[in-house]
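Student: Construct the complete structure from the given sequences, taking the supplied hints into account.
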Amino acid sequence: MGVVFNFLDAADPAAAAKARSDFASLLESDQKGESLIAWTKSRAKSDFDHFDGLAKGLEELFARQESAWKSRPGYSEARYAAGTARQAFQSYQFEFGTEPVDYTKIPMEYWGRRDRFMGANLIAQLGNDNAVLWAHDGHVQSWLPETYLQMGATTVGVEVRNALKEAYVSVGFAWTRGVIHAKLVEDANDIVAAQRRPFEEFPLACDRPGDLGEYLARLETPRFFVDGRKANADTKAWGQLPYYRGSLGWAVFPDRWLMNPDQDAMQTFPSHDILVYFRDLSPSTLWRIPPRPTAGS
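Letter 27 of the sequence shown, counting from 1, is numbered 26 in numbering that gives the first Met the number 0, and no numbers are missing.
No lab work stands behind these hints: they were computed from the structure. Check the hints yourself; a few may be wrong.
[Claimed, not checked] Restraint-style ranges between C-beta atoms, simulated for each label pair: (1) 217 with 290: 41 to 47 Å; (2) 217 with 52: 53 to 59 Å; (3) 34 with 12: 28 to 34 Å; (4) 213 with 52: 22 to 28 Å; (5) 52 with 12: 18 to 24 Å; (6) 55 with 30: 22 to 28 Å; (7) 89 with 146: 22 to 28 Å; (8) 100 with 16: 32 to 38 Å; (9) 287 with 79: 26 to 32 Å; (10) 123 with 144: 23 to 29 Å; (11) 213 with 27: 47 to 53 Å.
Just so it is clear, CB atoms sit at the ideal spot from N, CA and C, and this is done for glycine as well.
Tutor: Shown next, in the form of structure tokens:
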């Protein structure tokens with residue numbers, strides 16, 4: 000939002016002042032270092048429509064003023080930022096409200112909403128250039144079962160594959176043992192509290208009996224990679240084994256590790272074109288990120 004406000008300061012000071020007033024509570028939360036979900040969880044459920052409408056208004060303002068503003072420095076970046084701001088609200092629609100959320104009742108389309116946005120944004124910015132997208136395996140995978148697609152599920156990789164066809168190559172990762180830096184999550188409605196916890200080290204394994212994890216754990220080689228598009232029949236056969244990836248990013252729920260019913264095991268090929276395997280993933284590196292500037296600064 001800071002990019003939007005800074006552009007409007009020069010192009011339309013009255014609109015800039017109104018936008019800062021409209022989003023004052025979000026700016027205050029950001030200045031405290033809180034996450035977007037911490038802010039949405041502090042709002043009423045009905046506030047989604049209000050703030051989505053405000054974000055839509057900013058989008059429409061930039062569209063109406065295109066001929067007058069497009070020659071101004073920073074117009075393209077600010078218009079893009081206004082669009083992605085609205086995408087962010089829509090991606091967190093069901094996170095508005097202070098009451099607990101029953102995530103089993105949220106439509107599948109919602110979980111793919113962010114990926115659709117990211118895929119469209121990536122394609123729009125790509126032009127004739129090459130690019131590398133670094134994201135969780137579940138985002139970059141380029142194939143989903145038809146039953147998932149029919150329910151509205153998607154990934155960034157599926158969206159980009161649909162647009163670029165075979166020019167998009169997806170790389171997935173597998174591992175057997177690791178000590179992972181993450182934050183403890185105790186239940187599905189614990190995200191905001193989890194974000195405020197310190198990072199801990201969790202010894203974990205991806206060797207679920209009956210799937211690819213168990214198969215890879217029996218191998219003697221410590222690391223390898225294989226291109227599923229060029230693999231022989233034997234390799235493609237084990238590549239069809241489902242691989243249950245533990246749900247892990249910045250946070251982990253140890254009591255449901257490899258047992259989360261919301262996360263189905265999925266075959267490695269053709270979910271990803273290339274598989275990279277490490278027997279030992281640890282110790283993982285905790286990158287020190289410098290403090291981020293606050294919105295509007």
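Student: Take the hints in turn and mark each one as holding or not.
Tutor: Results of checking the hints against the structure:
Checked against the hint of 41 to 47 Å, the C-beta distance between residue 217 and residue 290 comes to roughly 45 Å, which is consistent with it. Between residue 217 and residue 52, the C-beta spacing of about 56 Å keeps the proposed range 53 to 59 Å intact. Checked against the hint of 28 to 34 Å, the C-beta distance between residue 34 and residue 12 comes to roughly 30 Å, which is consistent with it. Between residue 213 and residue 52 the beta carbon distance is about 50 Å. The supplied range of 22 to 28 Å is therefore violated.
For the pair residue 52 and residue 12, the supplied restraint of 18 to 24 Å holds, since their beta-carbon distance comes to about 22 Å. At about 24 Å, the CB distance of residue 55 to residue 30 agrees with the hint of 22 to 28 Å. Between residue 89 and residue 146 the beta carbon distance is about 25 Å. The supplied range of 22 to 28 Å therefore holds. Roughly 35 Å separates the CB atoms of residue 100 and residue 16, a value that falls within the hinted 32 to 38 Å.
Take residue 287 and residue 79: their Cβ atoms lie about 29 Å apart, and the range 26 to 32 Å holds. In this structure the hint that residue 123 and residue 144 lie 23 to 29 Å apart at CB holds, the actual value being about 28 Å. A hinted range of 47 to 53 Å for the beta carbons of residue 213 and residue 27 is consistent with their spacing of about 50 Å.
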